[in-house]
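Asker: Spelled out from the first residue to the last, the chains are:
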Amino acid sequence: MRKNQSLALQLALGIAPIIISLVITAIIILVVGADPAEVVERVWSGAFRDLTSTARVVNFWLPLTLASIGLTITFTAGLWNIGVEGQIMVGALFATFASREFASLPTAVVIPIEIIFAVVGGMLWALLVGVLKTRLGIHEIFGGVALNALADVGTIFLVSNAWAPATGATAQASERFAPSTLFPALSGDFPVNWVVAIVTVIAAIVVIFSLRGTRWGLHLKATGKNPRSALLLGVPTERTALSAFAACGALAGIAGAHRVLFTFGDLRPLASGGIGFLGLLVVLLVSIRVLWVPLATFVFAAIITGSTRLRISLQLDQSLAGVLQGTLVLVVILFQGVRQRLEQRVTQGDGDEPQQSFSPISAEMTE
Amino acid sequence: MNQELINALNSIVANATPLVIASMGETITERAGVVNLSLNGSIILSAMAGFVVALQADSLIIGLIVAILVGALIALIISVASIELRRDQIAVGFVLTLLAADLAQFLGQDFTRVPGPRISKWSFPILSEIPIIGDIFFDHDVFVYFSFVLVIAAWFWLFRTRGGLEHRAIGERPESAFARGTNVNRMRYFYTVFGGGLVGLAGAAYSLSVKPGWATPPAMQGDGWIALAIVIFGGWHPFRVVFGAYLFAGLRAASSAIQRNGGLDLPLVDVHVNISFILLNGLPWLLMILTLLAVSSGGIERLVSLLPRQIQNRMRNVLRSDPPAALGTRFEAE
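Listed in order, the protein sequences are those of chains A and B. Residue -6 is where the first sequence starts when you use the numbering used here, and the numbers rise one by one after that. Residue 467 is where the second sequence starts when you use the numbering used here, and the numbers rise one by one after that.
In silico lysine to aspartate or glutamate, EDC-like type, Cα no more than 20 Å apart, as pairs: (1) B/K677 to B/D607; (2) A/K214 to B/D554; (3) A/K218 to B/D554; (4) B/K677 to B/D524; (5) B/K587 to B/D607.
It is worth saying that the hints were derived from the structure and are not from the lab.
Model the full assembly from the supplied sequences, consistent with the hints where possible.
Answerer: Okay, here's the thing in structure tokens:
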């Protein structure tokens, strides 16, 4: 009897945040004088009206999943990799470089080269955040925010100078890439980037298994729980943190390559489309449980893709997607707290867990 | 002193003012041990709300009040999440910074680039008559004068009053503050919401004064992060924080002056660069990293070791910037 009751409670607590955030978003839609039901319908049809639009959802889903899976690694190590947005952009920059330099090579050769370049670019940008943290004591949030902005500035600079279209620089987009250097699409009806799809599946499997069953995964978890005691227990915390940044940056870099070499066909400012920040929201939403990532990223990708046409059809800004997603994650986080309080798990055992203070300018990873 | 320089310094003071107000609000919050990471979004949303409400209600006062309430409300969410629900302040603040910015863009969609009200200039009586100083500091609007009072009041409160001692104690050693009879969590609520209200006011200082109106992307995009960094650079001390804000605004003014002149044209080195037009936009962020490097634990030692031995200790104390020891942690009375 009691068990049934708590099961019902569990279910209610699981569904309640979704309903609450939908209600809040509906109210916000009403505030600007639109009809929530119509918005839902338009978003749905925007995402799934035919195979082409569904393919668009999938093509947003892939890089978002790559970035989110990368972020589960850094979050496991207790790191706030806000710099992921910049890592996507630098991956895109490096991929662009490869596409321009190796355009004469056959497609089957140039695509692996582009992926390798993107991986290296994303990794380097991530390691910069990592070294700023572990060696120089700058918290990864601030290093990341600054490096994101620098990556954007660099992109605008390259797009309007060295990589500008032959017809004249506009700062809107670079010269189009040679078609032979672009990622191939699956088929005419369902144009999905199958190369990055395969990479994403492999990456997901590798990350799931390495977080669960490897020494590295163990080190990541120990570093994330408490870097000081992990260091005392012999975990190389600095190397672990840097490897987490590198792995996340590598996956983010591939996401960036996908955006420019598939979605757009050129390099443009803000090509990442906010995928990095969205990935951070996803990982917070699923509490770093990597198995839930693909589902959450699919829902987010559908909402984002479905919202892009709101401006044309209902004169509504597409930032509505962000409002819904942000509200959902916020309410879910708050509800986890409510649930904990209801379950009365807030007893002595919980209090023993050492709290780490937020230290924006000190290095804790090294001795 | 030539007029051009005076004008430049005057506009630096004006442009720094929202940063001063926001970083002072955050200083007050963080001194109580709470991190409000939502600054960037809070400022954007309250800027939009302040402007739109002032326009619709045809009242600057109501616009200001709404902006303050928006900032305070976001801070309230962070404190409830942290204190009652034991959630991570960083996570909640980060989600809120994204959510608030998107909300601002969505709710403000019909008000982009719409002309609207702004706070008018009001030369401070008597003080504005002082040569040079008056021109630079007292020929502004009320936001600027408020920021002067705010900085001095914050310093006096924190370092010269009993209440301020208690305030710092709940950020440094909440247990001992509790033992001395302070209601730690209630005071944290108060300082977080109060600081958040100031952040909201800073938003209004953009949309009703420094960067009047509303646009997508917002004109003050990124400044919230800069304000958070200024608090760190300022070592959580009001005077150093305000110095940081002015330094930042000054360097930004210098870089936009270079942009206006179509590049950096140094007499000796012949680097004629129109490209700097774009690259200079990266300067604030490079600066953010460099300033944080200068005050970070390792950075200070490296800087100090370059100096003559006699002043090493003094410089170390000047540069030192220790966060409140309990920053970002929860407090539970046993």
